[in-house]
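Protein chains in written order, with the working numbering: chain A, 1 to 243; chain B, 1 to 224.
No lab work stands behind these hints, which were simulated from the structure alone. Beta carbons are placed, not taken as given, at the ideal position from N, Cα and C, and that holds for glycine. Keep in mind that the hints are not guaranteed to be accurate.
[What the hints assert, rightly or not] Each computed DSS-like pair below joins lysine-lysine, with the alpha-carbon atoms no more than 25 Å apart:
(1) Lys145(B) x Lys98(A)
(2) Lys76(A) x Lys98(A)
(3) Lys108(A) x Lys28(A)
(4) Lys105(A) x Lys145(B)
(5) Lys125(A) x Lys108(A)
(6) Lys228(A) x Lys215(A)
[Stated by the list, open to error] Each pair of labels, with its calculated beta carbon distance range:
(7) Thr158(A) x Pro117(B): 23 to 33 Å
(8) Asn16(A) x Ile37(B): 37 to 47 Å
(9) Ala210(B) x Ser121(A): 38 to 48 Å
(10) Ser167(A) x Ser41(B): 31 to 41 Å
(11) Val204(B) x Thr158(A): 24 to 34 Å
(12) Ala150(B) x His196(A): 40 to 50 Å
[What the hints assert, rightly or not] Among chain A residues calculated to face chain B with C-beta under 10 Å, some are:
(13) Leu52
(14) Pro92
(15) Val107
Each chain, letter by letter, is given below.
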Amino acid sequence: MSLVELKDVVKRYGQNQVLNGVSLTVEKGEIIAIIGRSGSGKSTMLRCVNGLEPIQGGSVSFEGTKVNDPNTDLRKLRQHVGIVFQSFNLFPHLSVEKNITLAPKVVKGVAPAEARALAESVLRKVGLAEKIDAYPDQLSGGQQQRVAIARSLAMQPTLMLFDEITSALDPELVGEVLKTLEEMARDGMTMMLVTHEIGFARRVANRVVFMHHGKIWEQGPAAETLGKPATPELETFLSAVLH
Amino acid sequence: MNYTFQFRDVFAASDLLLDGLLLTLELSIVTMMSGLIIGISGAAARVYGPGWLRRPVAVYVEAIRNTPLIVQLFLIFFGLPSAGIKFDAATAAMLALSINLGAYSIEIIRAGLEAIPRSQIEAGQSLGLSGPQIFRYVIIFPALKLMYPALASQFVLLMLATSVVSQISAQDLFHMASIIQSRTFRDFEVYILVAAAYLVLALVFRLLFAALYQLVFARPKSSR
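Same shape as in the complex, but just chain B (with noise of 0.2 Å):
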């Protein structure tokens, strides 16, 4: 292999690579709130809500984890539009990344809430406490908490998914790349650097998660 790497171009345009990272922090935390409440609500009515609230949301998770991401990006980009339903790039994006991961967030969630022992449930009841009192003061900490793991790490797994969205032209770090690599030709130096920068954005949320775990879940110290 005799390669020259040349990445004075590549960097030169660097402003455009830290846009596209900039859109993919911005779609990877606004989908990561609301996965977390779709997932929290969506779990809730799976497996305490009433029947007929159960089978929507289950079809709902089932239609979604059985079928890729792009072919439901596309279906709201491009397919929605023919119903007279428009989303800008970003906002498509955001939207099918949202229903995407609410639809992992609610099946991860509704494990854990399965996990809690029957037993919770009625020294909650014989308390005198209501229905939505106890899934708020006795289920929910230890369920998000014993799921916390296979949350942090489908968080992360999504953001890596949001590259995609360049596929909509959504302008992503990877549609930055894409822009770099036609002007440039610098394909490989490109790659490198797109991968780069996902590796430490992934590195950094498995960080944060790490932290806010310690901050949230963890017991303090002090109270022994």
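Just chain A, with the same shape it has in the complex (with noise of 0.2 Å):
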């Protein structure tokens, strides 16, 4: 059984047509890349995956569990599912220890001793930990990223998603941030990162996704497929994004 398995997906925004027909498997360990022009359906794609966002058409799986099926248990099945976002969306009112410790604490009802310990270790991860008891508005973007994905490492997660996580740094910040996702990658998550960043996907990536009007249009190893493209839309995208 792969861990995530997406079956001729369909989404629709009223009249317009997002996904059309998406297929996909990832295998525990893989990292996948995402690419494709903005409205390709890639974070779209993503989304779906924790059942953030309905389908009309298909079907979602996750570890076996059918996610757009209406008696699953989505809450149980996102303890599993981790996701960073473009614009982090940590909770401003809260520390950063108490914006990791949250969901452990009320969801998996750890005590609060154990969550600050937790907290520590997930922060070490990311490089942070001298920020614990910082507000997420006294961080830089790039350190607000960090905590976002310690905050979803924090539930102990079998999958992490990844949407353009970067895209809203400043360039200057995006190298620490791909950092930690290197170290995630070499701890051997299994990932699914929706991404602008060809080089980092070339590198870390085992498989790239090429994304167009909804589908997937073209997939492969990454140095092979971003190397030698084989349908002339992913070539001009890759011509149009490295120039």
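Join the two chains, each given in its own frame, into one complex according to the hints.
Pasting the structure below:
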């Protein structure tokens, strides 16, 4: 059984068809980079995996559980699927520690003393141990994004989704976030990441998925697919991004 | 103008004024607390509740915000007894004021809830939090912080508006002033004094609200 399985997924916003029959499987330990123009459906596909987007056709499953089945306990499923957003979405009124420990405490029932230790340990992973008592607005964008990653890690997810997590950052802050991702990749985390960082995708991802017009237009091993695109659409896209 | 102020008779009745002041304070504080509770739960129902609940809450809010407080008060105190429901003046006053402030609070807090970006809710959902947990831990605090100035000023307005309860003979500050006036005929002195009392009360409430903000919403400086 694959960790994630999307079958003929269709997603519409009114008349606007965003996903046009997308099928994709992800195995445990894989790192999948999803690339494509804006509007090609990459983020939408990612958000279908943890059920943030309801779908109109096809199916999405995680560890064999149907995400789009109304009887599925999405809260339970989401404890195993972390997601990091483009705009961080930290809770502004909570300290870094509270941001990280909120879900472990109220969802998993972790005791307060253990929760603090948990926060310390995930913050060390993202290199921000000293910021445990800071508030989000006292941190740079890059630091906020790393805290958001730590917040997801604290739930000990099986799969991590990253939705253009460096797109809202100043260029000089992108590196620190990508470095954190690379460390997670080395630890064997299964990751699906929507990204515009082609160089990073080539270096870290096992597989690259190119989306176009709401479809998976082309996919394959990262170096091969990015080095020798099989479709003119990917070639055009890459030359536009890399120029 | 050659009016000579004579406060002596008025001051002699100051224990009455004090009694009235106490009822005004009690009415204000109880109403603020019930108004806040009605406001939070009503706003939650209005924004996140099921359809069958949203409609009646909206009707309540609009009905109250578009009729005079004194009419609401009279409906409860003079109207309801015809249906066999009787309250003493102080209870009727508290009820009418709470219902009134509750409606305004719902509308204010609703605006705060709607100002919280959808992405905050998604972040909570993605961490496995339930709807009520998201409301309690993610949404309500920033929403109240955002609307605090509007809420505090509505609460002060309410305190001033408690003076209408004298119309059903609830023995509040203003009612006591009227009694003293009818005894002493020192209208000018009495109403100057009572105006000063409301002014001081309002300022004290504003100070308290500012202090409460610092206590609840302002971030401790040491966290820097």
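Tested hints:
A threshold of 25 Å between alpha carbons decides the hint, and for Lys145(B) with Lys98(A) the separation of about 18 Å falls inside it, so the pair holds. Of the supplied pair hints, the one linking Lys76(A) and Lys98(A) holds, its CA atoms being roughly 21 Å apart against a limit of 25 Å. Restraint check for Lys108(A) and Lys28(A): the C-alpha separation of about 23 Å stays at or below 25 Å, so the hint holds. About 24 Å separates the Cα atoms of Lys105(A) and Lys145(B), which keeps this hinted pair within 25 Å; it holds.
Distance hint between Lys125(A) and Lys108(A) is fulfilled; the C-alpha atoms sit about 21 Å from each other, no more than 25 Å. Distance hint between Lys228(A) and Lys215(A) is fulfilled; the C-alpha atoms sit about 20 Å from each other, no more than 25 Å. The hinted range of 23 to 33 Å is satisfied by Thr158(A) and Pro117(B), whose Cβ atoms lie roughly 28 Å apart. Hint check: Asn16(A) to Ile37(B), Cβ distance near 43 Å, so the stated range 37 to 47 Å holds.
Checked against the given bound of 38 to 48 Å, the beta carbons of Ala210(B) and Ser121(A), roughly 40 Å apart, stay inside it. Checked against the given bound of 31 to 41 Å, the beta carbons of Ser167(A) and Ser41(B), roughly 39 Å apart, stay inside it. Look at Val204(B) against Thr158(A): about 57 Å separates their beta carbons, and that is not inside 24 to 34 Å. About 41 Å separates the C-beta atoms of Ala150(B) and His196(A), a value consistent with the hinted range of 40 to 50 Å.
Contact between Leu52(A) and chain B, as hinted, is supported at the beta carbon level, the nearest pair being about 6 Å apart and thus within 10 Å. Against a cut-off of 10 Å between C-beta atoms, the interface hint on Pro92(A) holds, since the closest Cβ of chain B lies about 6 Å away. The interface hint given for Val107(A) holds, since its Cβ lies 5 Å from the closest Cβ of chain B, which is under the 10 Å cut-off.
Hint 11 from the list above is the single one not met by this structure.
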